[in-house]
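Asker: Residue numbers (my numbering), protein chains in the order written: chain A, 1438 to 1907; chain B, 23 to 216.
No wet-lab data here; the hints were simulated from the structure.
There's no promise every hint is true.
[To be verified] In silico lysine-lysine, DSSO-like type, Cα no more than 27 Å apart, as pairs: (1) B:147 to A:1754; (2) A:1858 to B:52; (3) A:1858 to A:1822; (4) A:1855 to B:116; (5) B:52 to A:1530; (6) A:1749 to B:147; (7) A:1765 to B:76; (8) B:76 to A:1858; (9) A:1452 to B:191; (10) A:1629 to A:1899; (11) B:76 to A:1855; (12) A:1855 to B:147; (13) B:24 to B:83; (14) B:72 to A:1810; (15) A:1855 to B:61; (16) A:1810 to A:1822; (17) A:1807 to A:1855; (18) A:1858 to A:1801; (19) A:1629 to A:1452; (20) A:1629 to A:1801.
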Amino acid sequence: MAERTLYNKVWDKHKVATLPTGQDQLLIGLHLIHEVTTPQAFASLNERKASVRFPHRTFATLDHIIPTENQLNRPFLDQQAELMSKTLEYNVKEHGITFFNSHSGNQGIVHVIGPELGLTKPGMTIACGDSHTSTHGAFGSLGFGIGTSEVALVLETQTLALTPLKVRKIEVTGTLQKGVSAKDVILKIINKCGVKGGIGYAYEFSGAVFDSMSMEERMTVCNMSIEGGARIGYVNPDQTTVDYLVDRKYVPKGESFDQLKHYWQSICSDNDAIYDDVVMIDGSSIEPMVTWGITPGQSIGVNDLLPNTTSKPDDEKQLIESALAHMKFQADTPILDKVIDVVFVGSCTNSRLSDLREAAEIMKNNNVHKDVKMMVVPGSQNVKKEAEKEGLDKIFIEAGADWRDPGCSMCLAMNPDKLEKDQLCASTSNRNFIGRQGSPTGRTLLMSPAMAALAAIHGKVKDIRTFIEI
Amino acid sequence: MKIESVMGKAIPLLLDDIDTDRIIPARYLKEITFDNMGKYAFFDERQDSKGNLKEHPFNDKQFQHASILLVGKNFGCGSSREHAPQALKRYGIKAIIGESFAEIFAGNCKAIGLPVVYATRDDIKQCVDFISKHPETMLTINLVSKRVRYFEESFLIAMPDPQRESFLKGTWNVLDLLKTNDILINDLESSLPY
Ligand code: SF4
């Protein structure tokens, strides 16, 4: 087993006891909740007349089901959305939990607002009823998704029964090519290690490429650890982390900040830490990546051809064939120039200010292709405000895109933002699963914000590197 | 409740990377109880947009009332939605045999008392071939002997020890266990540097 890694250190710091089952009881330092995976958890608490053990360690927001226009108009048109929101509002009030509602100015996708408000800090254990809680690992915390029964356990005991994971170090060396982004890095990692390669592992991302990434870029990578099967992905905290956290709403100031910094340094992986596995990737070899199939691992470089099934083992053959059939693509054809219908810029993977800047930079003085519908959904009210201050909204609107209110939106289509029929969507989100974007026959190509913006202009998949050079 | 064995007919779904969106599409998560989830299991896989039934094991008459699901690799990948195992459980699935499972999904199954056990592709495939010909076959998953038996065949299964223990002892709902350490929790909480 791994030793002296950040994972081991943070685990040890939060271990309450070893349970008779052999599992460890782990204290959860920060618990984030949203409307969709909590109603049954609160119901079970309320049924037992139990209370929330440490209400100040849980924070709530509305994100999954919320409409992305006229958000302040209540009741919502969708009665189920209204009921889910009301249920959350009732529960947080009943149990004294801080809630970032639409009037707070701080509402947004749970994995965008946690970091943005400084709730997320290094060396924490963070749980949320959402698999992309791995995002928070960008800060050197252990963030992981849990189910609704576990949400109830955290509410009632602030702890969970868990078995430690193995730790795989994924080192990305060198420098990225111009036009290659954090999204491409994680798509490449998933492609290399497989969508199930991370089962049983926490991923530690390190190397020169991560050292020079911004916090937002690190979040994009850690966000998609779960798509590689790894429940946790993290980056050791460094000066970039500290600089990001200074002056955030929930980060203490002055002496307390210095003390915290001391703690953050202490939990970093030691130079001689032991890992269960190490994977090396040459950063300069990574191309802009696009998924062609129905899992995030089914991706290729933008200039590559779709795979064929020749000489593949049976199970792999089956996966490729069913993916090609759903996508209505032929084997051995290029992904380049595939005609797209919809562009979605948003989700907890790529809806932060830097992502919107990246997309806006491409959209500037350009128009959305006449056959394409483009939707830009900022990750939070704060992101929206900042983006509007910079005039990004105008760039998108003038180009013909739709500029929306924050939420999960077309990442999982629980609100009216959905694909129709078999539309092909260039999406900055994290999942290309069948039906994910709201239409059972809808099709999703995952890519970076810049690549998605470029696709919006051309109505086709294009290589961002060619565009930058022109 | 102790779970030492599960007996029932089986339903084959020997595919890899079946994600939680396929098990239950997100639009069916919009309910504040799990009561109706059984209806939504594999919803979009089972019917087209006009409501016509598609070919799917869950629609196949011969597998009606089966309670043991046979799957491939990485079953339940994707979201943390407990609605996925809840949908299967409420549909009538009592245990799942697969080559591998996504972690959060496996944890969610345990939390609701639905054992997931691991077997080799060959054993699962052989079993699937057999029940496809003889769908009335009864399977027994024995968590004590770590074996699955059907007709005159049997194969070994694996399950992580803590999970197996918790089913055998009936402690898969860990709430009471976690609550026993209340004083320790308190001490650790107040000593956290944040
Ligand atoms: S944006 Fe998508 S992946 Fe992220 S929390 Fe929302 S639904 Fe989940």
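Asker: Does each hint fit the structure? Answer for all of them.
Answerer: Tested hints:
1. This hinted pair checks out: residue 147 (chain B) and residue 1754 (chain A) have alpha carbons roughly 16 Å apart, not beyond 27 Å.
2. A C-alpha spacing of about 21 Å is found between residue 1858 (chain A) and residue 52 (chain B), which places the hinted pair at or below 27 Å, so the restraint holds.
3. For the hint pairing residue 1858 (chain A) with residue 1822 (chain A), the CA-to-CA distance comes to about 33 Å; that exceeds 27 Å, so the pair is violated.
4. Distance hint between residue 1855 (chain A) and residue 116 (chain B) is unfulfilled; the C-alpha atoms sit about 34 Å from each other, more than 27 Å.
5. Pair hint residue 52 (chain B) plus residue 1530 (chain A) holds up; C-alpha atoms about 21 Å apart against a cutoff of 27 Å.
6. Annotation: proposed proximity of residue 1749 (chain A) to residue 147 (chain B) holds, straight-line Cα distance about 18 Å (limit 27 Å).
7. Distance check on the hinted pair: residue 1765 (chain A) and residue 76 (chain B) sit about 18 Å apart at the alpha-carbon level, within 27 Å; holds.
8. The hinted pair formed by residue 76 (chain B) and residue 1858 (chain A) meets the criterion: a straight-line CA distance of about 17 Å does not exceed 27 Å.
9. Distance check on the hinted pair: residue 1452 (chain A) and residue 191 (chain B) sit about 23 Å apart at the alpha-carbon level, within 27 Å; holds.
10. Only pairs whose Cα atoms come within 27 Å are accepted, and residue 1629 (chain A) paired with residue 1899 (chain A) is accepted, the gap being roughly 23 Å.
11. Taken as a hint, the residue 76 (chain B) and residue 1855 (chain A) pair is honoured in the structure, with Cα atoms around 23 Å apart against an allowance of 27 Å.
12. Using a Cα cut-off of 27 Å, the hinted pair residue 1855 (chain A) and residue 147 (chain B) is violated, with the two alpha carbons roughly 37 Å apart.
13. For the hint pairing residue 24 (chain B) with residue 83 (chain B), the CA-to-CA distance comes to about 31 Å; that exceeds 27 Å, so the pair is violated.
14. Between residue 72 (chain B) and residue 1810 (chain A) the CA atoms are separated by roughly 26 Å; this keeps the pair inside 27 Å, and the hint holds.
15. This hinted pair checks out: residue 1855 (chain A) and residue 61 (chain B) have alpha carbons roughly 22 Å apart, not beyond 27 Å.
16. Distance restraint check for residue 1810 (chain A) and residue 1822 (chain A): the Cα-Cα separation of roughly 23 Å lies within the 27 Å cut-off, and the hinted pair is therefore satisfied.
17. For a cut-off of 27 Å, the pair hint linking residue 1807 (chain A) to residue 1855 (chain A) stands: about 19 Å separates their Cα positions.
18. Under the criterion of a C-alpha separation no larger than 27 Å, the hint pairing residue 1858 (chain A) with residue 1801 (chain A) is inconsistent with the structure, at around 30 Å.
19. Our distance criterion of 27 Å between C-alpha atoms is broken by residue 1629 (chain A) and residue 1452 (chain A), whose separation comes to about 33 Å.
20. About 34 Å separates the Cα atoms of residue 1629 (chain A) and residue 1801 (chain A), which puts this hinted pair outside 27 Å; it is violated.
Hint compliance for this structure: hints 3, 4, 12, 13, 18, 19, 20 are not met, and every other hint is.
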